[in-house]
Amino acid sequence: GAGVSQSPSNKVTEKGKDVELRCDPISGHTALYWYRQSLGQGLEFLIYFQGNSAPDKSGLPSDRFSAERTGGSVSTLTIQRTQQEDSAVYLCASSPPRTRTDTQYFGPGTRLTVL
Amino acid sequence: QKEVEQDPGPLSVPEGAIVSLNCTYSNSAFQYFMWYRQYSRKGPELLMYTYSSGNKEDGRFTAQVDKSSKYISLFIRDSQPSDSATYLCAINTGGFKTIFGAGTRLFVKA
Chain B
22 GAGVSQSPSN KVTEKGKDVE LRCDPISGHT ALYWYRQSLG QGLEFLIYFQ
72 GNSAPDKSGL PSDRFSAERT GGSVSTLTIQ RTQQEDSAVY LCASSPPRTR
122 TDTQYFGPGT RLTVL
Chain W
143 QKEVEQDPGP LSVPEGAIVS LNCTYSNSAF QYFMWYRQYS RKGPELLMYT
193 YSSGNKEDGR FTAQVDKSSK YISLFIRDSQ PSDSATYLCA INTGGFKTIF
243 GAGTRLFVKA
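Each protein sequence line maps, in turn, to chains B and W.
If you read the first sequence in the working numbering, its first letter stands for residue 22, the second for the next number, and so on.
If you read the second sequence in the working numbering, its first letter stands for residue 143, the second for the next number, and so on.
In case anyone wonders, no lab produced these hints; they're calculated from the structure.
Mixed in with the good hints, there may be bad ones.
Unchecked claim - If you anchor each label on the Cβ, the simulated ranges turn out as follows: (1) W:N164 to B:G80: 24 to 30 Å; (2) W:R219 to B:S87: 44 to 50 Å; (3) B:T134 to W:S210: 40 to 46 Å.
Backbone N, C-alpha and C define an ideal beta-carbon position, used for all residues, glycine too.
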């Protein structure tokens with residue numbers, strides 16, 4: 022079946038512009054995560070959605086970052102007034118309804134470059 | 143101190159070698175231990191999962207957890223060029239938040 026998809030695969034933007042990154046999770050998966058991966062760094066947790074519950078936004082680095090998930094499916098991560106330090110790969114992952122392993126299925130990521 | 147420490151490498155080995163990848167962690171509450179493999183320009187994929195201490199084997203891969211030392215390992219036997227990737231350890235307390243290591247880049251030379 023189809024895996025997690027993300028769009029665009031690459032995004033180049035100018036400092037100060039807003040960007041929107043999209044994630045389509047695997048059908049039926051109730052949990053959705055956003056991570057940021059910078060060169061040589063681990064996956065930095067950004068935000069977590071579980072079903073219709075309020076998201077856990079504890080990983081968002083500043084108020085320039087926000088995310089929403091519509092209808093319990095597609096999610097959009099928005100970065101306002103982008104800065105050069107926002108350049109990274111943004112990964113989305115989804116998980117099926119609660120399992121002990123909490124296995125996450127990742128998309129290919131969006132590579133964001135802020136000039 | 144980071145919750146999970148992982149040597150970023152790179153680690154370069156000849157084909158057929160045994161590879162040992164390792165992570166240390168600081169929180170004794172962690173119970174679930176995973177290894178993800180990430181090929182270049184792809185998302186990570188789950189390779190191995192272990193609950194609590196002990197060993198788990200899957201083909202050429204063995205995951206080992208030593209909770210007393212807070213040390214986890216992934217061994218790859220008879221390494222192949224196709225094993226060249228970044229390997230990330232990941233740990234979880236049983237809640238939703240998984241902590242990932244920085245990843246070790248592995249190169250297996252033919």
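ask   = Do W:N164 and B:G80 keep their Cβ atoms within the hinted range of 24 to 30 Å?
value = 26 Å, holds
inquiry  = Assuming the hint says 40 to 46 Å, is it satisfied by the Cβ distance from B:T134 to W:S210 or not?
reply    = 44 Å, holds
task = Return holds or violated for the Cβ distance of W:R219 and B:S87 against the range 44 to 50 Å.
result = Distance hint for W:R219, B:S87 holds at roughly 46 Å.
Hint check: no violations occur; every hint is consistent with the structure.
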